[in-house]
Every structure is written in C-alpha cells, then in structure tokens.
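**Q** Each chain, letter by letter, is given below.
There are 2 protein chains.
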Amino acid sequence: MQFFLEGFRPGDPDVCPAAPAWRDPGGGLPETVDVLIAGCGPAGLCLAAQLARAPGVRTMIVEPKLGPMEKGQADGINVRSMEMFQAFGFAGKVSRESVWINETTFWSRDPDRPDRIRRVGRVQDVEDGLSEMPHVLINQARVHDMFLDVMRNAPTRLTPDYGLKVADLSVDPLGADFPVTVRLERTGPEKTGEVETLRARYVVGCDGARSAVRRAIGGRLHGDAAHEAWGVMDVLAVSEFPDLRMKAIVQSDHGSMLVLPREGGYLVRLYVALDKLRPDERVAERGLGPEDIIAKARRILHPFPFEAREVVWWSIYEIGHRLTDKFDDVPSNAVDTRTPRVFTAGDACHTHSPKAGQGMNVSMGDTFNLGWKLVSVLTGRADASLLHSYSAERRAAAKGLVDFDHRWSRVVGAREETADADAEMPRFQREFIANGRFTAGLTIRYAPSALIGEDRWQKLAGGFEIGTRFHSAPVVRLADARPMHLGHVIEADARWRIFAFAPDDDTGAPGGAIDRLCAHLADDPASPIRAHTPADEDIDAVIDVRAVFQQGFRDLEHGDMPALLRPSKGCYGLCDYEKVFCADAKSGPDIFDLRAIDRARGCLVIVRPDQHVAHVLPLDAMPELSDFFAGILRKAAPG
Amino acid sequence: MQFFLEGFRPGDPDVCPAAPAWRDPGGGLPETVDVLIAGCGPAGLCLAAQLARAPGVRTMIVEPKLGPMEKGQADGINVRSMEMFQAFGFAGKVSRESVWINETTFWSRDPDRPDRIRRVGRVQDVEDGLSEMPHVLINQARVHDMFLDVMRNAPTRLTPDYGLKVADLSVDPLGADFPVTVRLERTGPEKTGEVETLRARYVVGCDGARSAVRRAIGGRLHGDAAHEAWGVMDVLAVSEFPDLRMKAIVQSDHGSMLVLPREGGYLVRLYVALDKLRPDERVAERGLGPEDIIAKARRILHPFPFEAREVVWWSIYEIGHRLTDKFDDVPSNAVDTRTPRVFTAGDACHTHSPKAGQGMNVSMGDTFNLGWKLVSVLTGRADASLLHSYSAERRAAAKGLVDFDHRWSRVVGAREETADADAEMPRFQREFIANGRFTAGLTIRYAPSALIGEDRWQKLAGGFEIGTRFHSAPVVRLADARPMHLGHVIEADARWRIFAFAPDDDTGAPGGAIDRLCAHLADDPASPIRAHTPADEDIDAVIDVRAVFQQGFRDLEHGDMPALLRPSKGCYGLCDYEKVFCADAKSGPDIFDLRAIDRARGCLVIVRPDQHVAHVLPLDAMPELSDFFAGILRKAAPG
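Those protein sequences? They're chains D and H, same order as listed.
Straight run, no breaks: the first sequence in our numbering ends on number 635.
Straight run, no breaks: the second sequence in our numbering ends on number 635.
Think of the hints as simulated: they come from the structure by calculation, not from any bench.
It should be emphasised that the depicted structure is a prediction, and the values quoted were computed from it without experimental measurement.
Heads up, some of the hints might be wrong.
If chains are identical, the list can't say which one is meant, so a pair holds when it fits in one copy or spans any two.
To be verified - Calculated cross-link-like contacts (lysine to aspartate or glutamate; reagent style EDC-like; alpha-carbon spacing at most 20 Å):
1) Lys582 x Glu186
2) Lys565 x Glu306
3) Lys582 x Asp489
4) Lys631 x Glu620
5) Lys67 x Asp10
6) Lys565 x Glu236
7) Lys582 x Asp20
8) Lys67 x Asp8
9) Lys67 x Asp141
10) Lys61 x Asp164
11) Lys565 x Asp111
12) Lys89 x Asp10
13) Lys272 x Glu224
14) Lys61 x Asp271
15) Lys61 x Asp572
16) Lys455 x Asp616
17) Lys89 x Asp145
18) Lys89 x Glu487
19) Lys455 x Glu224
20) Lys67 x Glu2
Using the sequences and the hints given, assemble the complete structure.
**A** Shown next, in the form of structure tokens:
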C-alpha cells in the first residue's frame, strides 16, 4: 500500500481524503448524474466501488431493498475474483473470513449396495500454480459489505440510495450531455410507488434476471431450461457424511446433490436435485419447501445420517441458461453510428445454474471490465467508442459460461454414473478436472481488438497469454528487498501498466534496453506517456511503468535506475520507490521461467486496468507501443 | 475463523454478540471495577483487548489524553509481536498496511574519502525459518486502532475513558473484594482537576515512564543513561541516499544514525545522534529542535543529499536504561503471604532506547503475559497466586532487554568502527547478526515454575523449546485439506492448548496412542479436561486438544478419529471439524522434521494461552499431565 504522498494523515490509510461533495446526503435526488447504477448486487457494487474512486465522476447506485443484504444466494469466489479483490485491497480480508475449497470429492452409489453411496474419487480443487489465490466460499452479503467499505472510504464517499428502483428509462440518441431519462420508483414504506425522474449520461442495469433496464432497451434473455427443480439451502447440521467440509459431488439412486462447506467452520450449503418438471410447468407450482430439500438430502446421503439444526436460508429454483443478444443499447447495425448509453451486467444479461459457483464471479467480471472504461471516458482520457468493447468482450465470456453451464449441469444432474466400467475415473470427476481452469475463472480470453493486441510477439512471454488475465508470479522489490507478487501492484484504479522485463545482461545502466525504453517514454514526443498524461498529473497517472530484472536484488542499485523508474511525485516531489523488481531466486523458478519470458530479449507486457494482458511487445517496439495506446487513449492537453 | 456455532448471525463475524452491559456508557464512573487499566498505550490496550473478550470481567481503561493517539513514538513490530497479533486476528491487516523490513544495511566512513560514507555490509533482516511472520514497522497509533477495534467488537464492547488519569492509589492488603482504592483525576477541558474515587480488584499501570501507579506502590526505575542526546523524526524527504527503503545503520565521522523506512512507501524515520551531555545535564536544556536533527542527518549522510519536505513528528531524547525491582505491589519478602493487586507494565517498569525497536513489543509482551492470568483468576479458573508469575516472568524478560539495549546502544552510537582491519565484517553488522533472534523477540524463555515444566522430555520435540514461544509450522487440516500454520489455531482467548503429535504408525484408530490419550482425556475422572472444565461449557472451553498426524490428509479419515477430536459443541451440538491436522508433504520438510519431533514416540506439547510452550510430555504421561494442570487450574464445579 502506498500513502502519505501528499503529506501525512493520521488514521486508517484505506480511508481516502474526501473530494468535495456534489450531492447533499440528506437531500433529494439530483437532477442529473454521470452514471446511474441499478441494483446493489455483486455487479452493481463492483462497478460502484470503481467509480467511487474517481472524484470527478458523479455516480449514483439505487437498490429497491431498504438496506444492505444480510444473507444472500451466491457464495462461490473463484481464484480469478480473488485476484480482482486483491486489486480492491480486500483479498486478505476475504481469505481470512471465508472457507477455502481445497479438495473436491466425488461420491456415487455403491455397486455392491446400491442403497448406499461411497467416495469414488477426489481431486485437489485448484491445480498448483494456477493462481496465488485460493478458491473460497463466503456469503455474498459479506462481499457486498467489502465493496460498500471501498465505496465509503473512496474520495466520493459513495453510499447506495436504498428503497429506489429503476422502473423505466428512455434514451434520446440525439441527446447531448444526459441522454438517458430514468424513472425511479420509491419502494420504501413512506413513499411507496412515488416516481421521480432524473437524467444520466450512462445507466448500468445490474438489476437481476427481471431487469427493468434490460427490458427498457429491448433486451431479452434467450435460452433453455432443464425442467428440473433444485433446492438450495444453507444449514447448520449434524451429519456423519465424511466430506461435510470438502466440496462433494454426490450422485445416488435418489438423485444428485452438492455439498459445500461454508465460512465459519459449521455452516454447510446443499444443492439438491428435487423433481423433474413438465415442459410448461413453473417450479413454484410444486410448492416445494425446506423440508423437501432436507428429506431428499437425507435419502441421497444414505447411509450417513444428516440432521438439520438451523435452516439459515433456502430457495427452490429451476436451472435455466439464458443470455441476451447485446449487453448495451446499441443494436449491432448501429455500432458505427452511435455509442452505448445503457448497459446490462450480471443476471440482467445472463443466467445460469448456481452449481458451478460462477454467477457472482462472472457478474463482478462484467463490471470490472466496464468500470475502467466508464472512468476513462468520463474523465476525458478515452473516446466514448471505447464503450462498445464492453458488450463485445463480456457477451463472449458469458456465452462461454452459459455453454459450459449447460454441459456441467447435466453432468452433475445425471442420475447415474455413465462411465464405462473400465474407465479410470468417473465421468463427473473427469469433467471436473477438465474444467478446472474454466471454473477458476481463468479461461476468459478477450479477442483481438483495439484493446487486445495480435499474438505476433506472444512467444516473448508465453506465460502472459494476450487477452487473458495477468498471471502473477513472485518477485523481489529492489528498493526494499520485499518479496511479493508482481500482480499485486495492479490496483482497481483505471490505470494501465507496462511491465518491462529486462534482457539478461541489462542492469538498468545507461545504454541498455531498459534505459533506452525509459528515456523514450520519458522524453520522446512520440511516447505514449507524454501523449496521454495531462501535464498536471503524476507521470504514472495514466500509464504506470514497472521494470523486472533477472538479477537478484543485491546485484542492482536502485539509485542507478533510469529516472522514469524513480519518479518524483505528488506535492513534495517524493520518489516512488516501488517501480523496480528483481527475480526472486528463493522461491523456486523465477518469474522469467514461470512465465516463459525470453531471457535474451526481454519484452514489454501491457496490462489493462482490469488485469487482462493487452499486448506483448519487444522492448524496442516504440512505434507499436505508441500506436497501441493511441488506439485507445486521447491526446492529453499540453501543459 | 470459526463462527455461527450458536446459530447464524449476519454481518461482520469479528463483531461478537454483545454481553449485557454492566455500565451506562453515558453515565458516570462505576463505584467498583474488576480491573482498572491506567493508560492507552500498547501495553494498556493489549491488556484491555484480552479482558474485553471475557464477558464476566468488568474492565475499565483510562487515558489522560482526550482521544485516541494520532501519531506516536514507537513503530517497530518484531516477528514475535506479529505472531501475537495473529492471535488477536489482525496480523494480516498489519502485514498489508505496514512496511516490511527485509534487509538491513551497514554504512560507515569511506577510509579513502573520510568525509563520505559507503555501504560496508548488508544482511537479511529476519533469518529464514525464524517465524512465518515478517518484521514490520507501523505507526504505534495504528496498532492502537487495531486493539481498539478488538475491544469494540468484543462481547463487552469496551471503550476507553479518555480524559482521566490515575492520580494515586492505595491497597488495603486486608481488603476483601475491591482492595485497591484509586483516585482518578479529570484532564478534560470541562472538569480539569476534578478527582473521583473508585475501587478495583486489580489495577494495572500502563501509564508510562512517569507512572503514578508505579509511584503509588513504591516502585522506582533504576539504571543509567548514556548522557547523549538523540533526535528522532518521521519525515517525508527527498534523498539520494540509496537505502532509504532499507533499515540502514550509519556510522560516520559526524556521528551515528539509523534510517528506517515507514509504512506507505514515502515516510522515513531517522534516529540521529546529536550531542554528548554532561553527566548532570538534562536533554531539554540544550533546546534542540527538528532543524538540528535534519542538519546532523545531512552531515552524516554526506555525500548523499537529503531534503526534508514535511516533518511529521520529532522528539529529542536521552538514552536511558532503567528497570523497577518488581512489576507488582508485593514485596519479595511477602510473596508467600499475599497476592498482587497492582501491576505495572511497559514503560512504567522498564525503559530503554528506541533504536532496537523493542519498546512497543516488550510492552505488549508484558500484558499478553498478564491478560490470561487475570482472566483465569477473575473467572475462577485459577487461584490468585497465579498472578505472582507475572512479575517473575516479565521482569526477567525486561532485564534481558535492558542489558541488551545497553550493549546495542553503544554499538550503534560508536563514533568509529572499531573492528580490526582484517575482520571479515564490521562490528555493528556482526553484533546485529548475533542479536537477530533477540531483536525478533524470540529469545524470551520463561523459567521453570508451576507454569513451565522441566526439560526432562524436551528431546521428544527439540524444536518446541519449553519456556519459549510456540514456533509454528505448516500443516494440513484433515477435514477440509486446508494448508495452514498450526500456530494460528491459538487465539488470544485465555485457553490452554494441548498439541498431540502422533507416532508414525498411528492413524487415530482405536487402541493407538492418540485414541488412548483421547479416551483418557474424555472419560477418565483424573483427566485434566474433566477436572477443570465446568459442566455447562464446551469440552474445549478451558483446554483445547488438537492432534497432528504424520500421514498426508488423503491417508486418514476424519470420521475415524476419536470422539474428543470431533467434539459436539454449542447449542446445536455441531461438530467442530478443526481439531485434526496432518503433515504437509508439499511445503518441504514437515512439522515433525522442522520441530525435531520424535517420530517413533510422538509427544504432547502443552501451550499456554500466551503462546509459550509450557511443557513437553510423552503421549502416555497421563499423571504428569493431570499434575501439571492441577498446579495451575482449580477444580471446576461438577455438573
């Protein structure tokens, strides 16, 4: 964590100095806002947490409920989301409070005693080396709390407007500054049904599967359902089932269930297959309740007793896999003529079964993609056309998930194990292993575009696959010899990063590749840093350059590094000492080996504000570097 | 973290359910309290945080200042204190927010150019394997904040009474329940000087070097001073000194200084030797100020420019090393006839120079030793004679520190490097390395007593040295395959732990050593658990038994473990799944190798509530085990 750059301040460093308020907290609704977010679920709050950090952006987030969620549906946090939490600063807090899923076990009926189940397989839940983060489960409500903390501590001190829902909206494509007119309806006890209107530059519908925002822009969820009722329950229970603290997938003669441990050491979540539904039947018609879930769970878990002591939360649902055609308000045939004003994210544009634990993750992933783009456009750094990339990138990601979910639901829901008797491993275990990287959230790969380079130089850093998330690895910071993860320098602050990996003989000395790169970036009029950084901002305000050397930290001197890597910042011109890293010789193979970086040539890895690798380039590819950023960022006003 | 044992509760799990209030928060002072703590420094708050967790203990903590500290003197947190913070639940928060001291460098005058300094040595600050925790620096005020959070979240919701200081007190040795009468003086603007009286069972003076509590019980600080004025300063500065983000010890022709990086990446702390004092001179007489510190620092650091941009805090002090004879109110000749009622801790009973970064650590160490003893006595678990051990154990620890500080101050303050020219390494570096375990806080070893066993069976676990702190090592929890540190199961909750390390062939099966031990502990009338656990409390409420097996987690079944290791707890009788651990085969040598545990015989390691190893015993030493606890704990009332 860096703080005190603008002088010492007592107290919690997570609490940023407050920006001037643009709204009276006790007052009525504003007439206009920059961004209106509908819905305080994971998608909405993840977006709000990013926008709250941009003091110039006037954000409002509304939620029909009257206060923060106390217990929620979702609970799965895959490693990719943990990596994102790191950028928000609360991965450690979640790690401590959540339950870690370390092992997944597989149970099916015992062929010798078909009324019983037995464990038929087990697998380490997250493959070694996939991420420095664990796969965890925690109540969605606690994730909300952490985003709310980020919002409250941010310069804008953003808090939700509870008791308010988006009823409808309209977009005036010719409208100038605030083209979206939104009708907001009060849901609180005092003014129920009262409607007010405001105008917004942008509206983001994170308002769930029945999204009014989606409806207003003509979006529809397409897809199918499995016509099967499932029950889900959080329960404090006593059971002899041996894997109550593992993730366990059970297929018995009585049907399928998933057992998931939950935070705190005692709570358990169950997903239980209940009844097949007729094609035209709605799940509510069956009138199923918690006792049905428990009764079925007991039958499936036989011969292991299972006694519920406190049902904390339950729900009956039908598996559906649905997707909208577009995640914004611009029809495909109008992309060239106008830019999006309204977006949907999370369940508002894609729904799937909860059993692969993906819902909350992909919803937050949506708005982690959108957040920095909105900040970039609203602060004038980027043209509004950047916003087209949101629907393009995230719909493809959601499509992958819906397709996966379709297959996986049927694997889990299969009544019987269909593997050949001579197969080495049951089918659900094979599928689980094959899908490990997918369920970890690590297979999302954005396609080449203005934001994602072609793979011409991919071989310079085979382990930083262009389009995928930056796969962190251990390094040692030169100035203070601190062992740490390189990826943890990325914060959710809408900045771009350039990681310059040095060739093997480069020590940062004058004339070396890193020195030439830094000189170019600092001084050449063609430098993207000079082109896109406003004169009154710190040199790393838009593009943050970090160098990684192959030597150990005792072999290099921080004082010998090029000036760009020791920048003077803030009102006092203090040196930022955190730009230079060395190989970590202690913890096994170093980052160059782990990520297959060309040791002879080094390379540049450009990382987007949402942690995705945008490009890999040679260290001397100055024109390509400038062109890349010129395709995304506007020229900054000269000083 | 474990929670929800007594049912689900929404919100932050660190916030415990509130106990019934015993005091009106808006009202006046109570007439009586169980414990009155004088002073909201590290010693006082560390004690308050422990007592706050005991709902039956009525604690009050007073502080003459009118609110929490905003910037403080102390900043060094050694690895031992970080281990203690882990038991309070905030080690992760401190790790994230603090600066880590990874490397210490040594500078002295360049013999070829005596007006300049040059780096003459460097050393890894904390030796590998010494602790799983880093050595960090953070403003004392933030450590206070974290203890205040623990207090606020504890069942008693304890908050300090600011604007109130202990003026005087008297003890009536014959007094019954509340033998200490305390005169409290208001310091706030409204009632300055107003005095009120209350009576306490116990008073703990954490009121600094000029402690009124110490004075009241006739204690005096003895020792000497180095007659040298030093300046200390927290400063935002710009400097070409290469090691501004390392811990650097500098000895130049102009004198000595220490450079310490501070949290946030920009702030630096300097300790600078200023002037020699005459034997009878007081440091204040010199009228030294921040400009003197800066001017001297610039001379010492030559040829590296140093420019202060914001002086955050500064002080001029004289090195003194002083100690009281006794840390409680019972004279040595009266130990057999009465028990202590008044204690001193921290600077109230020992002072030393700040340069070894020990002050805050040893102060917190004092009250981490005292806290569980007070809780044990006040809840009726132990006889009041237990309290004699506080002064005995902590005065020896403080004596070690004062002696060390005496030597180390003179090494650091030496004007000139006195090593032989042919010595491999300068003297200050040699001394630094030799003292590494000491400054890390790891050499404190409590002497044999009722609380610390003899070393007859020490060889069964050579790496758990009796009397020293429990040296954690990695294990895997059986029930959920979670890799973790065994020491992290110890919380600051006044409970004892028995770690049972299994012999190599033991799987927990009936008839094995672990099973026999568990059967004895659960069922035998001679079992210390049966003897000392009240019938209406959970089986692990007083003594918490954990087992560690040599097999991997896939080789054992949690369901096959003895009942004591799968206890039913709380209002629902839920199973506690967190009692059994396995060797971690992945992370190098396992805990049995790392801690030199006899693999053939296994052993018992008894750990005190303050994380110190109390005893090592054979697995079948049932009578010794019972005798040990009978020497400390009272018999619990039968159910």
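**Q** Hint by hint, which ones does the structure fall short of?
**A** 1, 3, 7, 11, 14, 15, 19
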